[in-house]
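A.B. asks: Here the numbering used here is used: position 258 in the sequence shown is 258, and no number is missing along the way.
Quick caveat, the hints were computed from the structure, so don't treat them as lab data.
There's no promise every hint is true.
Quick list of simulated restraints, FRET-style, between CB atoms [said to hold, decoys possible]:
id : residue 1 : residue 2 : range
1  : G66       : E91       : 14 to 24 Å
2  : R36       : F113      : 37 to 47 Å
3  : E137      : E85       : 22 to 32 Å
4  : K150      : N92       : 19 to 29 Å
5  : N28       : K175      : 19 to 29 Å
6  : M86       : D177      : 12 to 22 Å
7  : A184      : R36       : 40 to 50 Å
Straight-line distance between alpha carbons at most 27 Å, and here's what the computed DSS-like set of lysine-lysine pairs gives [to be verified]:
id : residue 1 : residue 2
8  : K31       : K260
9  : K260      : K272
10 : K57       : K150
11 : K5        : K150
12 : K108      : K129
13 : K69       : K251
14 : K175      : K150
15 : K31       : K122
Just so you know, these numbers come straight off a predicted model, no measurement behind them.
No residue lacks a Cβ here, since even glycine has one placed at the ideal position from N, Cα and C.
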Amino acid sequence: MKFFKYHACGNDYVYIDCFENFIEDPGNLSKKISKRRFGIGSDGLIMICPSDVADAKMRIFNSDGGEAKMCGNGIRCTAKYLYDEMNIKKENIKIETLSGIKNARILKTNKNFSVVSVDMGKPEFIPYKIPADFNSENIINVPFNILKEKYNITCISMGNPHCVIFADNADNLEKLDIKKIGTAFQNCKKFPEGMNVEFVKIERKNVLSMRVWERGSGETSACGTGACAAAIASVLNNLSQKEDQIKVILKGGEILVDYKNDNVIMTGEAVKVFEGEF
């Protein structure tokens, strides 16, 4: 089976063209190929499949085998694959996901590197739609106790659930035991479908730095939907200006987020690493 390895800000997935291949058990395959020493090595598997309503359908499987509804970095790399490998030379490429159809635009491209912009649609703040078990209109800067510590949390859905926590300083961000805290949030009964957790510091006006714990994958170098959630949370908490572009600095690179007219546009790199056979 031929595969392609792509990354976006270090968030790497194995991509398989399912126009040509049939995968009987993608969850199990994802667990096998994701192993860094005994497989190909990735944060998961993305299947690029035929679609009746878009140019292609994207299915995302985390490294633990669970299927996800959305992957912001993955959708940019899927758009690059469709443009380069499937020769879909369109200004706007439509990609079907479990969170709806997303429009991707190739802004700049060469053989290995592209800059891709994706219209992520509107964020969701209503708790039961995130989902989160809170009896309120939204979850913005709400005190929350976990592991005997109090955190002020802001919860948002970008097609998948995110919990944003702002750190006081850079030292706090780097010293956080992100595995311990992230796992506690992921498994908390208040979040029935698990939770992705972003730990964020305001560097300066409309510039954020972030670490992310992704349910099903652990700490990753980047998370596209997480960067969007962090940018939106900074606006909701009056830490950034809504009408200005917000830069999110991650361990593996930078993502630009435009949050205007209640819509979110995410822009960042999509890089082909290599291809091979499994």
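A.B. asks: Evaluate each hint against the coordinates.
C.D. replies: To see whether the hints hold, each was checked on the structure:
| no. | hint | result |
| --- | --- | --- |
| 1 | G66 / E91: 14 to 24 Å | violated, 34 Å |
| 2 | R36 / F113: 37 to 47 Å | violated, 23 Å |
| 3 | E137 / E85: 22 to 32 Å | violated, 45 Å |
| 4 | K150 / N92: 19 to 29 Å | violated, 45 Å |
| 5 | N28 / K175: 19 to 29 Å | violated, 36 Å |
| 6 | M86 / D177: 12 to 22 Å | violated, 43 Å |
| 7 | A184 / R36: 40 to 50 Å | violated, 24 Å |
| 8 | K31 / K260 | violated, 38 Å |
| 9 | K260 / K272 | violated, 30 Å |
| 10 | K57 / K150 | violated, 40 Å |
| 11 | K5 / K150 | violated, 40 Å |
| 12 | K108 / K129 | violated, 35 Å |
| 13 | K69 / K251 | holds, 23 Å |
| 14 | K175 / K150 | holds, 17 Å |
| 15 | K31 / K122 | violated, 31 Å |
Hints 1, 2, 3, 4, 5, 6, 7, 8, 9, 10, 11, 12, 15 from the earlier list are contradicted by this structure; the remaining hints agree with it.
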